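> Each chain is listed here by its residues.
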Amino acid sequence: MAHLLLRHRDIPDIGKMDVYEKNGGFEAFKKAVTKMKPQEVTDSVKASWLRGRGGAGFSTGLKWGFIPKDIWPHYVVANADESEPGTFKDREIMESNPFQFLEGVAIAAYATGANAAYIYLRGEFWPVAAILDEKIADMEKAGFLGDKLFGTDFSLRIYTHLGAGAYICGEETALLESIEGKRGQPRIRPPFPAVYGLYGKPTVVNNVETLTNVPLIVEKGSDWYKSLGTADSPGVKIFSLSGRVNQPGNYELPFGTTFRELIYNYGGGIIDGRPIKAIMAAGASSAMIVADDKALDTPMDYASVRALGADLGSASVIVIDDTVSLEWVISKTIHFFKHESCGKCTPCREGTYWMLHLIERIENGEKTKETVELLHSVARQMLNKNLCPLGDFSTMAVTTAIERFPADFEASAAGGEHG
Amino acid sequence: MLAEKYPEEVKKIFAKYPPEQKRSAVMPLLYLAQRDEGFVTKAALEDIAQMLDITSTDVAEIVGFYTLYHDEKAGKYRMQVCTDLPCALRGADKFLEELCGNLGVKVGETTPDGMVTVEAVMCLAGCDKAPMFQIQSPDGIAYHDNMTVDKTMELVAALRKSGKEVK
Ligand SMILES: Cc1cc2nc3c(=O)[nH]c(=O)nc-3n(C[C@H](O)[C@H](O)[C@H](O)COP(=O)(O)O)c2cc1C
Ligand code: SF4
Ligand code: FES
Chain A
1 MAHLLLRHRD IPDIGKMDVY EKNGGFEAFK KAVTKMKPQE VTDSVKASWL RGRGGAGFST
61 GLKWGFIPKD IWPHYVVANA DESEPGTFKD REIMESNPFQ FLEGVAIAAY ATGANAAYIY
121 LRGEFWPVAA ILDEKIADME KAGFLGDKLF GTDFSLRIYT HLGAGAYICG EETALLESIE
181 GKRGQPRIRP PFPAVYGLYG KPTVVNNVET LTNVPLIVEK GSDWYKSLGT ADSPGVKIFS
241 LSGRVNQPGN YELPFGTTFR ELIYNYGGGI IDGRPIKAIM AAGASSAMIV ADDKALDTPM
301 DYASVRALGA DLGSASVIVI DDTVSLEWVI SKTIHFFKHE SCGKCTPCRE GTYWMLHLIE
361 RIENGEKTKE TVELLHSVAR QMLNKNLCPL GDFSTMAVTT AIERFPADFE ASAAGGEHG
Chain B
1 MLAEKYPEEV KKIFAKYPPE QKRSAVMPLL YLAQRDEGFV TKAALEDIAQ MLDITSTDVA
61 EIVGFYTLYH DEKAGKYRMQ VCTDLPCALR GADKFLEELC GNLGVKVGET TPDGMVTVEA
121 VMCLAGCDKA PMFQIQSPDG IAYHDNMTVD KTMELVAALR KSGKEVK
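So the sequence lines, in the order shown, correspond to chains A and B.
Heads up: the first sequence is residues 1 to 419, going by the numbering used here.
Heads up: the second sequence is residues 1 to 167, going by the numbering used here.
The set of hints was computed from the structure by calculation and includes no laboratory data.
A portion of the hints provided could be inaccurate.
Only pairs whose alpha carbons sit at most 30 Å apart, straight line, appear in this in silico DSSO-like list of lysine-lysine [said to hold, decoys possible]:
| no. | chain 1 | residue 1 | chain 2 | residue 2 |
| --- | --- | --- | --- | --- |
| 1 | B | Lys94 | A | Lys16 |
| 2 | A | Lys367 | B | Lys22 |
| 3 | A | Lys201 | B | Lys22 |
| 4 | B | Lys12 | A | Lys201 |
| 5 | A | Lys148 | B | Lys5 |
| 6 | A | Lys30 | B | Lys12 |
| 7 | B | Lys12 | A | Lys16 |
| 8 | B | Lys11 | A | Lys182 |
| 9 | B | Lys151 | A | Lys182 |
| 10 | B | Lys151 | A | Lys69 |
| 11 | B | Lys11 | A | Lys338 |
| 12 | A | Lys135 | B | Lys73 |
| 13 | A | Lys344 | B | Lys73 |
| 14 | B | Lys42 | A | Lys16 |
| 15 | A | Lys135 | B | Lys42 |
| 16 | A | Lys141 | B | Lys22 |
| 17 | B | Lys161 | A | Lys201 |
| 18 | A | Lys30 | B | Lys106 |
| 19 | B | Lys11 | A | Lys135 |
| 20 | A | Lys338 | B | Lys16 |
| 21 | A | Lys344 | B | Lys22 |
| 22 | A | Lys135 | B | Lys106 |
| 23 | A | Lys182 | B | Lys5 |
| 24 | A | Lys367 | B | Lys94 |
| 25 | A | Lys182 | B | Lys42 |
| 26 | A | Lys141 | B | Lys94 |
| 27 | B | Lys129 | A | Lys16 |
| 28 | A | Lys148 | B | Lys73 |
| 29 | B | Lys16 | A | Lys69 |
| 30 | A | Lys141 | B | Lys42 |
| 31 | B | Lys151 | B | Lys106 |
| 32 | A | Lys338 | B | Lys12 |
| 33 | A | Lys135 | B | Lys16 |
| 34 | B | Lys106 | A | Lys182 |
| 35 | A | Lys31 | B | Lys16 |
| 36 | B | Lys129 | A | Lys135 |
| 37 | B | Lys5 | A | Lys338 |
| 38 | B | Lys129 | A | Lys148 |
Source: prediction; values computed, not measured.
The task is simple: from the sequences and hints, build the whole structure.
Laid out in structure tokens, this is it:
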């Protein structure tokens, strides 16, 4: 099937305005603004059952429907923070198929009555922001952004905003704080951004990939969209495949593709033909999936992956083979979360500190049953006590690695790096 | 003073945000302030605070919170090598170690000529292109994907020669 999101792989110059337009570009935006009421656009996205690609899988149409009509102005914010280890799909979309994403932002703004949209990019995406600024200028020139678009009363401007290196700014309320010029620390909810968002105004926050789906739905309809993927998770998904596979990369596939197909057909199998050992489906925030036949034949959609005791999240599939010790893996994830905890709440701040301390003890030779059990219990105690999901995320790999791969934590097991 | 030195850029930055939300400009202004010396000076903190009607402590807090703002001088080029899990599964730790050996520095240190500081960082959204790093320089940030130690040493030699970033 031709790509729907990574369209540059079939049409190399789709990042140029004339090529994008020749291939139907901005038709959906024009149709929405000139032929549909905002509510109709929202209803169509709702009916498509498009689910947010930033990790939580929440219905995009429902989210847009929460925006109140008695508080103004409204904002749309595109989440281009893309900082989950193992995730690199939004970067490819923005670098190579930027107009489809920007068209999605524009349609979201029309549907929710926003006249300004911000794209929040992680600071490392400096060159990506430069590309987007150029494309935004192209759109202004072509009359797709600015005042009174297509001769209607609808006006829209899109701005980029660069973060500066903080994973927590991917969390939507921390992200909003960051745009407001504050430290990127999550807000207490409720109120949710739909009511109290950017500058205290109703705000829709959506992931880049989510928004890139929107022009397709407006153009081809929700029934067509639902014909792709599974009933639980309609449409296509970009799976970022990394780790011990021969061909890491982004693969756009229908939801419901199995892990086996992704890893062996598309990813070319494991390096040196080694046996696969574990899968992390949601980047560093994943629970550890034991890569047995049952798991490999599991269709990748939100419900099926949950049935394996894990989450699909942003579908950042990190593959681990038998040369790798899970003790070493969780040392990596613990270092990450210790570094990225924003420090606002005690269980997360202190818990990540203690987990780091304990894994270092284990790595430095104190690989005893007591220390491993202590690490497990510290992680368990952090659960459900935090202001934002990062605190819980930091424990997922730790508890499940110890529970599902006990042999790797026995005193005799070789630790260290992979061979 | 940023407003005098980069009037066009400063104007563009403020135009992005509602006039009563000036504080939003703090992050782009800090990037602008870092352009000269690669870090934010005390004077720049004061300058930005005045432009935004906040205290210089507020601005310093922002510098402290985000890892891409620096309050100390380092090498002209900060080579930020990703050693996070997916890259490490593809040899990033070994790459960093060998690179440091070749450059004669430890992680966090700067080469004696003041050109390159080597840092280990978290995921940069280039995990399928490991080993990889980004170079943060006064002019911005650029990615270098699918690197080897040899290719990196060539890049460093070119940087030393031209004093400019080469892709
Ligand atoms: C710690 C943390 C990090 C997150 N990082 C990102 C991110 O990098 N990109 C993203 O789109 N969503 C991220 N999210 C999810 C956002 O909070 C939010 O749910 C999402 O942007 C909503 O968009 P969607 O409904 O289109 O998925 C993160 C959440 C948490 C708790
Ligand atoms: S859970 Fe962690 S990252 Fe989230 S707000 Fe609390 S301290 Fe910050
Ligand atoms: S882990 Fe290195 S770029 Fe993602």
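> Could you run down the list of hints and mark each one as holding or not?
Right, here's what the structure says about each hint:
| no. | hint | verdict |
| --- | --- | --- |
| 1 | B:Lys94 with A:Lys16 | violated (40 Å) |
| 2 | A:Lys367 with B:Lys22 | violated (53 Å) |
| 3 | A:Lys201 with B:Lys22 | holds (16 Å) |
| 4 | B:Lys12 with A:Lys201 | holds (23 Å) |
| 5 | A:Lys148 with B:Lys5 | violated (36 Å) |
| 6 | A:Lys30 with B:Lys12 | holds (28 Å) |
| 7 | B:Lys12 with A:Lys16 | holds (24 Å) |
| 8 | B:Lys11 with A:Lys182 | holds (21 Å) |
| 9 | B:Lys151 with A:Lys182 | violated (39 Å) |
| 10 | B:Lys151 with A:Lys69 | violated (57 Å) |
| 11 | B:Lys11 with A:Lys338 | violated (38 Å) |
| 12 | A:Lys135 with B:Lys73 | violated (35 Å) |
| 13 | A:Lys344 with B:Lys73 | holds (29 Å) |
| 14 | B:Lys42 with A:Lys16 | violated (43 Å) |
| 15 | A:Lys135 with B:Lys42 | violated (36 Å) |
| 16 | A:Lys141 with B:Lys22 | holds (27 Å) |
| 17 | B:Lys161 with A:Lys201 | violated (51 Å) |
| 18 | A:Lys30 with B:Lys106 | violated (56 Å) |
| 19 | B:Lys11 with A:Lys135 | holds (20 Å) |
| 20 | A:Lys338 with B:Lys16 | violated (34 Å) |
| 21 | A:Lys344 with B:Lys22 | holds (25 Å) |
| 22 | A:Lys135 with B:Lys106 | violated (41 Å) |
| 23 | A:Lys182 with B:Lys5 | holds (25 Å) |
| 24 | A:Lys367 with B:Lys94 | holds (24 Å) |
| 25 | A:Lys182 with B:Lys42 | holds (19 Å) |
| 26 | A:Lys141 with B:Lys94 | violated (48 Å) |
| 27 | B:Lys129 with A:Lys16 | holds (25 Å) |
| 28 | A:Lys148 with B:Lys73 | violated (48 Å) |
| 29 | B:Lys16 with A:Lys69 | holds (25 Å) |
| 30 | A:Lys141 with B:Lys42 | violated (41 Å) |
| 31 | B:Lys151 with B:Lys106 | holds (19 Å) |
| 32 | A:Lys338 with B:Lys12 | violated (36 Å) |
| 33 | A:Lys135 with B:Lys16 | holds (16 Å) |
| 34 | B:Lys106 with A:Lys182 | violated (34 Å) |
| 35 | A:Lys31 with B:Lys16 | holds (28 Å) |
| 36 | B:Lys129 with A:Lys135 | holds (26 Å) |
| 37 | B:Lys5 with A:Lys338 | violated (39 Å) |
| 38 | B:Lys129 with A:Lys148 | violated (43 Å) |
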